[in-house]
Structure formats: structure tokens, C-alpha cells
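**Student:** Sequence:
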Amino acid sequence: MINIPEQQAAYERDLESALVRLRAGKTRVRVPQSVELHRKRPRSHFHPVPELFVQTGGATVFECPADRFTLGAGELAVMPRGVPHAETPVDRRTPYGVLVCIHAQEGFVLHRGRATADREIQGWGSERLVSVRGREAFRYLDDVAEADKVPVVHRERYVAGLVDAFVVTLLSELHRPAVVSDARSPFVREAEKLARTMLADPELSVERLAASAGCATDTLSRQFHRERGVTLTTWITKERVTLAKDLLADARYNVAEVGWACGFSTASYFIRVFRTHTGMTPREWRVVERRSVTG
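Quick note, our numbering runs 1276 ahead of the 1-based positions in the sequence shown.
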């Protein structure tokens, strides 16, 4: 596992390169249509937050409800929040590689994807950037998702400007010194970062995280419990409940959609787990939170 300064420098190089191509008009930003949001589809997954993809090698074939496109090396894509998508890695002149940025509660999470022998995409090299600017920055990507409301003659420049602003913000956070040192072991640190990018996937498991982190399942489980005081499975559930609280504040999503967006396989299971952790059903939580906001 490469050390953190080298990892950050590699992210910076790839983002700077993408920014240069974008400003020179040598690359385009692919944006699938925001349809069938938070819906189950074969082989597909979705996230409750938008994502930025930068293809660093090979290509990714994206399949979305209304779009199918291939993201080639050097190209960028914005995946709107809630859009189901399947990703297939393809090797071309260069081996497959992709850089992904997703919103975490405390800021940004960067991670990379590489192709496994069975042509699955495996996450690795995660980098968490704690920043109060995360929520604001990801609004740029939300605006990109609504670019179809902008006159066609201005749309390409509008999208490029928003993505430019997002990447510049991200680069500035990469240069910001960490506030505190991270005492977690590399395996635990990597597992937590990857898990936060995969909370919407009902099949997220300790086994998958261990494979991505490059260690045995038992090793990760023991180390995580030793350092965090809870099992990794319990930690994932708590993270999902925390994410659900955040999404329940958005009136656009009904309770079932929030549950699915947070990785709960059924609405009844989501309600049961949420009540266990908060003492209220999701609907009751939403009512209480709205009252507290309105006074």
C-alpha cells in the first residue's frame, strides 16, 4: 500500500491533468439523464450523492436507464445522485483505471478503481479529505445534473465551468494540511473509506471490504474491533443510519427511497433498524426534525 503523501500527489496529478484538458476543450463531460432515480435495476447500483469520474486508463462502459456510453481515457463523467448505473471495465492501449470522487458527511472521499481478473471493478487507494466545503462543492455537481434546463447553446460551457469549479475546490482541499493525524491501521482506514462510498449497496460486506483493502476477512474483522470497539458490520449499520438521517431532511425522497439509497434491502428492514438506533421510525424522525427547523 503506497503512503499517503504519494497517494495524494498522484490524485493531484490526475486532477490537474483533467483540468488542463477540460479548459483546453480537449475532453468532454458525460452526464446521463436523471431518470428512474433510486430504483432497483439488474447489475446496477446508485448513490444518494453525485459522483465525479475521471478515466485514467482504459475505458468504462456505463449503462444507465436512459443512456449507455463509454468513458475513454482522459474523459470525465458526472453521475447524478440516485441514477442507477452499471460499470464494466475495458482495457485499451492502457490498463483500466478510474478516479472517483464522492461526497462524505465530513467532506470528500477520493478512490480509484482497477479491473480484477473476472472483469469486476475493485476499489483501492481511498483518500478522505475532511472539509466543511464538501457539501457546497457537491452542489456544483447537482447543478450539472440539471444542465438540460440551460439553453443548448450555453450548456457545454455551463457544465465545464461547474466541473472546473468543483475540481479546483477539490485540489485546494488536497493542499490543506490535515488537522489531526490518523492513528488507524492502514487496513481499517481503507475499509472505512471504501465502505462510505458503498453504503448504498445492499451487498456491501466485510468480505468485499477485506478484498479491496488487501487483507484477510478475519484479520480486518479483528483489527477493526480492536481499534473501533465495535464490529465492522455494526459500524456499517450506524453509518447507514447516519446517512438516512441526512437524506430524510430532503422532502424529495420518501421513506422507502431513503432506505434503499442507504443500502437497506427492504423498507421494513430499514424502519426496524432505524427505530432500534434512534427510538423513532423514519417518518417520526422526519416530522420531529422539520418541527425543530421551523421552530
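Read the hints as simulated data drawn from the structure, not as lab findings.
Please note that the accuracy of each hint is not assured.
As the list claims (entries may be wrong) - Restricting the straight-line Cα-Cα distance to at most 30 Å, the calculated cross-link-like pairs of lysine-lysine (BS3-like) are:
id	residue 1	residue 2
1	1316	1514
2	1521	1316
3	1425	1514
4	1425	1302
**Student:** Checking against the hints above, which ones are violated?
**Tutor:** The structure breaks only hint 3.
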